[in-house]
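Position one of the sequence shown corresponds to residue 1 (full-length UniProt numbering), numbered consecutively onward.
Some hints here could point you the wrong way.
[As the list claims (entries may be wrong)] For each label pair, taking beta carbons as the anchor points, the in silico distance ranges come out as:
id, residue 1, residue 2, range
1, Pro421, Lys551, 25 to 31 Å
2, Glu407, Thr262, 40 to 46 Å
3, Thr165, Gly305, 21 to 27 Å
4, Glu76, Glu308, 57 to 63 Å
5, Gly46, Arg459, 40 to 46 Å
6, Asp545, Phe303, 53 to 59 Å
7, Asp522, Gly305, 31 to 37 Å
8, Met45, Ala113, 36 to 42 Å
9, Glu499, Pro421, 39 to 45 Å
10, Pro548, Asp67, 37 to 43 Å
The set of hints was computed from the structure by calculation and includes no laboratory data.
All values derive from a computational prediction rather than experimental measurement.
Cβ coordinates follow ideal geometry from the N, Cα and C atoms, glycine included.
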Amino acid sequence: MPAPEIVLHARFQSAFAAAFGEEHRDADPIIRPSQFADFQCNAAMGLAKRLGKKPRDIAAEILAVLDVDDMAQTPEIAGPGFLNIRLRTDWVAAQAAELAADARLGVPAPERAERIVVDYSAPNVAKEMHVGHLRTTVVGDALVRTLEKLGHTVIRQNHIGDWGTPFGMLIEHLLEVGEDSPEAGLLETDPNAFYQAARAKFDAAEAEGPAADESDFASRARARVRTLQSGDGDTLAIWTRLVDLSKQYFHRIYDMLDVTLTDDHLAGESSYNAALEIVCKDLEADGLARISDGALCVFPEGFTGRDEQPLPLIIRKTGGGYGYATTDLAAIRHRVDDLRADRIAYVIGTSQELHLAMVFQAAREAGWLTDAVDVRHVKIGSVLGEDGKILRTRSGASLRLMALLEEAVTSARGVIDELRPDLPEDERAQVAWQIGIGSVKYADLSTSHDTDYTFDLDRMLALTGNTAPYLQYAVARIRSIGRKAEAQGIVAADAPRVENDAERALALHLLEFGPTLAKVGDSYEPHRLAAYLFSLAQAFTGFYDASPILKEADEQARAGRLALARLTEKVLVDGLDALGISAPQQM
Numbered sequence: 001m002p003a004p005e006i007v008l009h010a011r012f013q014s015a016f017a018a019a020f021g022e023e024h025r026d027a028d029p030i031i032r033p034s035q036f037a038d039f040q041c042n043a044a045m046g047l048a049k050r051l052g053k054k055p056r057d058i059a060a061e062i063l064a065v066l067d068v069d070d071m072a073q074t075p076e077i078a079g080p081g082f083l084n085i086r087l088r089t090d091w092v093a094a095q096a097a098e099l100a101a102d103a104r105l106g107v108p109a110p111e112r113a114e115r116i117v118v119d120y121s122a123p124n125v126a127k128e129m130h131v132g133h134l135r136t137t138v139v140g141d142a143l144v145r146t147l148e149k150l151g152h153t154v155i156r157q158n159h160i161g162d163w164g165t166p167f168g169m170l171i172e173h174l175l176e177v178g179e180d181s182p183e184a185g186l187l188e189t190d191p192n193a194f195y196q197a198a199r200a201k202f203d204a205a206e207a208e209g210p211a212a213d214e215s216d217f218a219s220r221a222r223a224r225v226r227t228l229q230s231g232d233g234d235t236l237a238i239w240t241r242l243v244d245l246s247k248q249y250f251h252r253i254y255d256m257l258d259v260t261l262t263d264d265h266l267a268g269e270s271s272y273n274a275a276l277e278i279v280c281k282d283l284e285a286d287g288l289a290r291i292s293d294g295a296l297c298v299f300p301e302g303f304t305g306r307d308e309q310p311l312p313l314i315i316r317k318t319g320g321g322y323g324y325a326t327t328d329l330a331a332i333r334h335r336v337d338d339l340r341a342d343r344i345a346y347v348i349g350t351s352q353e354l355h356l357a358m359v360f361q362a363a364r365e366a367g368w369l370t371d372a373v374d375v376r377h378v379k380i381g382s383v384l385g386e387d388g389k390i391l392r393t394r395s396g397a398s399l400r401l402m403a404l405l406e407e408a409v410t411s412a413r414g415v416i417d418e419l420r421p422d423l424p425e426d427e428r429a430q431v432a433w434q435i436g437i438g439s440v441k442y443a444d445l446s447t448s449h450d451t452d453y454t455f456d457l458d459r460m461l462a463l464t465g466n467t468a469p470y471l472q473y474a475v476a477r478i479r480s481i482g483r484k485a486e487a488q489g490i491v492a493a494d495a496p497r498v499e500n501d502a503e504r505a506l507a508l509h510l511l512e513f514g515p516t517l518a519k520v521g522d523s524y525e526p527h528r529l530a531a532y533l534f535s536l537a538q539a540f541t542g543f544y545d546a547s548p549i550l551k552e553a554d555e556q557a558r559a560g561r562l563a564l565a566r567l568t569e570k571v572l573v574d575g576l577d578a579l580g581i582s583a584p585q586q587m
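Produce the entire structure from the sequences given, and follow the hints as far as they go.
What follows is the structure in structure tokens.
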């Protein structure tokens, strides 16, 4: 069931072919919402240039052959050649009835279901997740939920940091303090403290310079990385313990956030260890990699440094270790060759833009990434504090993600305890979690993913404005109406009522759900869905104020309006679910 602008698009293109010849069928009708009608066709200006005629004359010729009588009133020519289109109310009502009967709520099935790899979250082992991981996790999960609703096969990839130099530091530190020492216990209670202690030793050794016999901590840590990468059993056993402890922590965060990542989606740096040497050898064999200053490097075309010299992408370090670029190149080969990806989305911070661009170009030059695969960097901006800087604790440390989430739930619980003391304890706890976590996630998702935003918990929890609680309250309000209607014996009609302007405006909004979800799936921009849902909730408020349901004396009007309200509830709930946000039964 196509949305109105999709139907109009096809009708206008048929009119272009009839009026100006088949070669003009592909012209873009430029159908846009209009403040003067429901939609406006802005194609006349562009066609005028192609045909050498005045735009108003072009509009008149289009109008003479346009076939929209079944769905719209006769369009009006306005201004220099705009065509204003007002849909017939009975057509809108018929479309709303189809939507209500459609299990997919108007979400179009793809012409071809694609295999889409989405790389997101990517925390580091033995380190607590901080607020910087919030957006990659939340945006990535909204995208995979949306793509699955659209009918695609989504392959989640949680590319955790579980390999490389940090693990040399961590393992050496653990061996020094003893695996049964109180400090080793920090791995379970305060992994950041354990990591920082290892990092401090490493940095201090670096500052002092290498010892003559390379016995300093930094040298031993680097050597331990090579031992780990070579498959030493004892070293791997310690590494496995570190990873297993971190998995338990990841689960607590993901459960708290209600994201869909599991152990099955873990695809850490370690999983590509066996492929790293092959990557280097293949790039050397193809003449794409060469030694530069002792390191094996690729110099992707189009990237230069400040000195205008080609910029190197290091794939094997001077000491023989491998870096992120090697792992990322191995991951691309795996995702294209083994996972058979049609699309790959990297939901990663904007700071990695240059790195990823160089990796993508190197993979293209190697022939591992072709034009048949759509690969994109979904750039993620930062979460800022009130001072406009990266959100941190007062001491300047990265803000722990769990602490931030717990604060959001606690704040929401305070609001619920004040507003709804009548609710049972367990229900208040559940609603507080839904509102608190939903508020944090929605603040992320309602902002364009590549821009920064300021974390303001009071604003996030507000019941007014473009917030999760505003949308959640709209759903709770409709559900409350439904419970009261059931108690009064009011039964919803089979099809929504669409007669007055408020009902019509709400129905038109509902018809846009499917196309909006499809656009999000194509553009990887969940803020478009958030904006749509906010607009829909506002339209419902306008409808409810103008069209009473429970107090309406006319039985048919009452039943039809209840059906329209229930359809709105379904769309809001499904849209929020695509964003990974729950809708409480009561608020």
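Hint by hint, here is what the structure shows:
Look at Pro421 against Lys551: about 28 Å separates their beta carbons, and that is inside 25 to 31 Å. Taking 40 to 46 Å as the suggested C-beta distance range, the pair Glu407 and Thr262 does not conform, at roughly 26 Å. Between Thr165 and Gly305 the Cβ separation comes to about 23 Å, which falls inside the hinted range of 21 to 27 Å. The hinted window of 57 to 63 Å between Glu76 and Glu308 holds, with their beta carbons roughly 58 Å apart.
About 42 Å separates the C-beta atoms of Gly46 and Arg459, a value consistent with the hinted range of 40 to 46 Å. The supplied range of 53 to 59 Å is met by Asp545 and Phe303, whose beta-carbon atoms lie about 57 Å from each other. In this structure the supplied range 31 to 37 Å holds for Asp522 paired with Gly305, their Cβ-Cβ distance being about 35 Å. Taking the beta carbon of each, Met45 and Ala113 are about 38 Å apart, inside 36 to 42 Å as hinted.
Checked against the hint of 39 to 45 Å, the pair Glu499 and Pro421 passes, with Cβ atoms roughly 41 Å apart. For the pair Pro548 and Asp67, the supplied restraint of 37 to 43 Å holds, since their beta-carbon distance comes to about 38 Å.
Taken one by one, the earlier hints fail for this structure only at number 2.
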